[in-house]
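**Student:** Below are the chains, spelled out letter by letter.
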Amino acid sequence: MPVLTRWYVKTAILYLVVALLLGAVLAGNGVVPLPAFLLVAGPAQIHLFVVGWLTQLIFGIAYWMFPKATAQQPRGNDVLAVLTYVCLNLGLLARVIGEPWQAVAPGVLAGGLLVASGVLQWLGGVGFAVLAWPRVRGR
Amino acid sequence: MPSVSIWMVRSALVALVLGFSVGAIMLIGKGIGAFGGLSAGIPIHVELVVLGWMVQLAMGVALWILPRLGARGPARGAAWSWVAWALWNSGIVFVIAGAAGVPAVRLSGRLIELSAAIAFGAAVWSRVRASGISAM
Chain A
1 MPVLTRWYVK
11 TAILYLVVAL
21 LLGAVLAGNG
31 VVPLPAFLLV
41 AGPAQIHLFV
51 VGWLTQLIFG
61 IAYWMFPKAT
71 AQQPRGNDVL
81 AVLTYVCLNL
91 GLLARVIGEP
101 WQAVAPGVLA
111 GGLLVASGVL
121 QWLGGVGFAV
131 LAWPRVRGR
Chain B
1001 MPSVSIWMVR
1011 SALVALVLGF
1021 SVGAIMLIGK
1031 GIGAFGGLSA
1041 GIPIHVELVV
1051 LGWMVQLAMG
1061 VALWILPRLG
1071 ARGPARGAAW
1081 SWVAWALWNS
1091 GIVFVIAGAA
1101 GVPAVRLSGR
1111 LIELSAAIAF
1121 GAAVWSRVRA
1131 SGISAM
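Heads up: the sequence lines are chains A and B, in that order. First residue of the first sequence? That's 1 in our numbering, and the numbers climb one at a time after it. First residue of the second sequence? That's 1001 in our numbering, and the numbers climb one at a time after it.
Extracted from the complex, chain A is given alone in its bound form:
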């Protein structure tokens, strides 16, 4: 298993735990009074699960298991692959911080985090598609 796949899969597991933890906390609303920033964390929780866990796990396993691109670069451009991982995760973290922040106390910093999150996650998705495309082929 390549090093980057190990990063992807272990990061995905961490997000899974965090997503379920946050889901449990949100489910406690009404039982325990929650601070305002948690009450608006629903979309962030969904994305921790769908992007942080599901999509990230897929990226990691596909990077490992898809047919080789070339003999010289079996998994495509290594730098692009690392940048894809970095963009996806920085983008997701920016969302998790920025979205509740923007909802509770809108401002330039929180809004900037959301803009950065949108751009970074998009770059992560496009980077993966660019890496995977030539590897989706017959033998």
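No lab work stands behind these hints, which were simulated from the structure alone.
Simulated restraints on C-beta separations:
no. : chain 1 : residue 1 : chain 2 : residue 2 : range
1   : A       : T70       : B       : S1021     : 25 to 35 Å
2   : B       : I1065     : A       : P2        : 12 to 22 Å
3   : B       : I1032     : A       : R6        : 33 to 43 Å
4   : A       : P106      : B       : I1118     : 42 to 52 Å
5   : A       : L26       : B       : A1034     : 20 to 30 Å
6   : B       : A1058     : A       : M1        : 19 to 29 Å
7   : A       : Q72       : B       : I1032     : 38 to 48 Å
Okay, the calculated bits of chain B under chain A, using three or more residues with CB under 8 Å as the criterion:
no. : segment
8   : 1017-1023
9   : 1026-1033
Glycine included, C-beta positions come from ideal geometry on N, C-alpha and C.
With chain A's structure known, arrange chain B on it following the hints.
**Tutor:** What follows is chain B alone, placed relative to chain A:
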């Protein structure tokens, strides 16, 4: 990787980029306080990311990985898998078009997706079996 898997996985990659693009536009809009009505894009974003990307990727990889009955010949059920690919993507297009506010188009899309799921099941059902090399 068989041709139908190539088409399914590449279609999934296209849906990934489109779905992430819609999501990014909505998130940026939220960040700069613009495009207030863009929350209408949520159903399109979800359709592209969940059905177009994740489910379609799973289908494409399943058609690639599941044991094939003929050791050398084309896998049985290949015609059904092409039907599944065509219907699945048509259904997604209809659901997205229907998200603009035409419930009948959206319903048609969902029914086409249902047909695609049945076709996919027909394509892989007989391939869900022991491969002969698995210990379990």
